[in-house]
Amino acid sequence: MSDEESSFTVFRAYLLRREFTWFDIFLWVIANPLASGLLYYSVSATGSPGFYGGVVPYAFLFAGLIFIPIALLFMIIASSLPRSASPYILVSRVFGMLPGFLSIALYLFLSGGLLTLGFLAYSSTGILSDGFIVSGYITNNSYLIMLGESLKSVFFTVIIALIVVTFLFVATMFGRRVIKILLYVSVAAPLVLYIAILVSLYPFSSKVFINNWNTLFNDSYGKIISIALYGGVVDGVVVNALKPVNEWSATFALLGVAMYAYLGLENASFIAGEVKDPVSSYFKGYITGFTTLTALYTVTPVIITLIAGYDFLSAYSYLYHYYPGVLKIIMGTNTPPSPSLTTIISVYTGNTYTSLIFTAVAYLFYFNTMLTIWISGIRALLALSQDHLMPRFLARISRRASVPHYSNLFIYVLSTLVLLLTIFIKSNLQLELSFLKIMNLGYSMFLVFTGLSLISVPLFSEKLYNRFTYRSRGLLYIVGYASSTIGFGLVLAAGANASLIDVVVATSLFGAILLLFIAVTTYMEHRGVRYEEVFSRIPPM
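Numbers 3 to 543, taken from the numbering used here, label the letters of the sequence shown in order.
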């Protein structure tokens with residue numbers, strides 16, 4: 003047996019070792035989406051023109067309802083095709099080699115994989131900086147403030163990010179046991195602490211927050227609201243007022259932001275080849291995980307708004323992003339903390355230990371996102387190399403630790419390159435926005451491919467359809483239709499930069515065309531047409 007054949011034998015044996023449980027899936031479903039959406043969007047989204055006036059909890063709740071079919075999509079695929087990178091397996095087996103490769107490559111290289119890892123590693127240090135700065139102000143500790151300010155520098159940001167990426171690389175080398183330990187430490191523990199801290203904030207008194215804020219930051223609570231919402235001149239700088247818009251329009255605009263906070267639900271389906279009892283595990287894991295995720299996204303902004311006040315959250319975010327110099331003058335500090343959950347909770351509690359604990363919790367939410375992306379990225383490379391669409395050495399597995407070292411190294415190298423590239427990306431706001439659009443575009447196209455393939459399974463691949471645990475054509479049509487239509491809308495919003503009306507109109511037309519396809523093929527099948535046979539032959543003329 004050649005070395006290459008030997009490596010593939012080890013690869014297949016590796017896939018048969020199923021060690022992840024439903025609780026691991028539960029943690030995985032929560033871990034990947036839960037980062038910026040919770041820690042930043044829920045606090046700062048209304049501070050941008052066009053968003054002020056919208057209801058944040060409604061936006062996150064509606065976004066959760068929209069993502070129900072997407073959660074079902076990946077739950078069905080993973081439980082029916084329990085292999086590594088199961089969405090890729092479905093698309094490639096239904097549509098063929100090239101569409102399968104394109105779908106996973108767009109996801110891996112443009113969205114949920116390598117670009118996201120380096121970018122998150124760099125961006126996540128900001129949450130540490132905010133926590134240390136606010137903790138320093140609470141205790142009047144200049145060392146903590148200095149540490150927080152230092153972490154905002156490019157040099158220390160890169161050093162910490164490189165340490166984290168290297169840690170993930172080394173930890174992965176020790177196999178699934180270490181991965182499971184890290185998963186529990188970085189998801190289960192902070193999740194419990196997060197909920198406990200939220201509960202401890204009761205009775206959610208705005209007076210406590212206002213008093214603490216004014217004590218720490220130069221009696222600036224009322225001044226921030228006044229200058230941001232009514233406009234004025236501060237040290238010669240003219241501040242244009244943040245104007246509210248219609249509640250419905252603003253909430254609808256916030257919905258677009260909230261939807262991106264749910265991206266990452268697919269990630270748990272990439273480890274399907276290593277899950278015990280996939281049908282039961284994915285059903286329990288996805289249902290409980292997605293429900294918990296939606297609840298956290300909906301409840302958190304309610305509590306934070308009760309604590310800090312809607313107008314203050316909007317005003318502070320507005321000045322921080324559009325008039326940072328003015329904010330420094332009003333607050334009497336050179337480094338105002340970012341409008342994040344860490345800042346609000348730290349100020350409200352007024353306790354250094356609680357502030358530092360919550361800072362650690364917030365950072366772990368970023369870390370567990372990077373962890374799950376890393377592991378899923380390796381599984382995508384394994385699936386591609388097994389199909390001979392990537393170099394075969396990427397499928398070689400260490401016999402001792404059952405780790406694909408070359409795939410691990412591949413992700414480490416490219417993540418490091420993206421991390422270093424992020425220094426340049428972060429230096430220009432327009433460039434950063436373009437980068438984020440590219441990531442969203444890759445994810446959206448992957449979602450379209452996957453949704454369409456689920457619709458096509460009953461029509462074009464009876465053998466594959468018989469493997470499905472959920473063999474209801476109606477269910478597959480509905481879930482596939484909804485997912486691909488949502489994905490198409492996200493493609494337009496992210497890639498084409500289309501207006502809201504353009505997105506709605508074009509997505510409606512796309513959905514109508516899909517409905518026509520489903521209606522015609524369903525009718526023809528009742529008439530005895532077998533599409534798998536029809537499309538296996540060339541027409542006579």
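Please note: incorrect hints may appear among the correct ones.
Listed below are the simulated EDC-like cross-link pairs for lysine to aspartate or glutamate, each with C-alpha atoms no more than 16 Å apart in a straight line [to be verified]: (1) 209 to 313; (2) 330 to 249; (3) 465 to 535; (4) 330 to 151; (5) 465 to 534; (6) 225 to 237; (7) 225 to 151; (8) 182 to 21; (9) 209 to 221; (10) 278 to 535; (11) 330 to 434; (12) 245 to 151.
Simulated from the structure, these hints should not be mistaken for laboratory data.
Against the structure, the hints come out as follows:
At most 16 Å may separate the alpha-carbon atoms for a hinted pair to count; residue 209 and residue 313 meet this at roughly 14 Å. For the suggested pair residue 330 and residue 249, the alpha carbons sit about 30 Å apart, so the restraint of at most 16 Å is broken. At most 16 Å may separate the alpha-carbon atoms for a hinted pair to count; residue 465 and residue 535 meet this at roughly 13 Å. For the given pair, residue 330 sits about 14 Å from residue 151 by alpha-carbon distance, which is consistent with the 16 Å threshold.
The suggested pairing of residue 465 with residue 534 holds, with an alpha-carbon distance near 10 Å, which does not exceed 16 Å. With a CA separation close to 14 Å, the supplied pair residue 225 and residue 237 stays within the 16 Å bound. Of the supplied pair hints, the one linking residue 225 and residue 151 is violated, its CA atoms being roughly 24 Å apart against a limit of 16 Å. Distance hint between residue 182 and residue 21 is fulfilled; the C-alpha atoms sit about 9 Å from each other, no more than 16 Å.
With a C-alpha separation of about 13 Å, the suggested pair residue 209 and residue 221 falls inside the 16 Å cut-off, and the hint holds. In summary, the hint linking residue 278 to residue 535 is not supported, as the alpha carbons are separated by about 36 Å, beyond the 16 Å threshold. Taking the CA atoms of residue 330 and residue 434, the gap is about 24 Å. The hint is violated against a cut of 16 Å. Between residue 245 and residue 151 the CA atoms are separated by roughly 32 Å; this puts the pair beyond 16 Å, and the hint is violated.
The structure fails to meet hints 2, 7, 10, 11, 12 from the earlier list, while all remaining hints are met.
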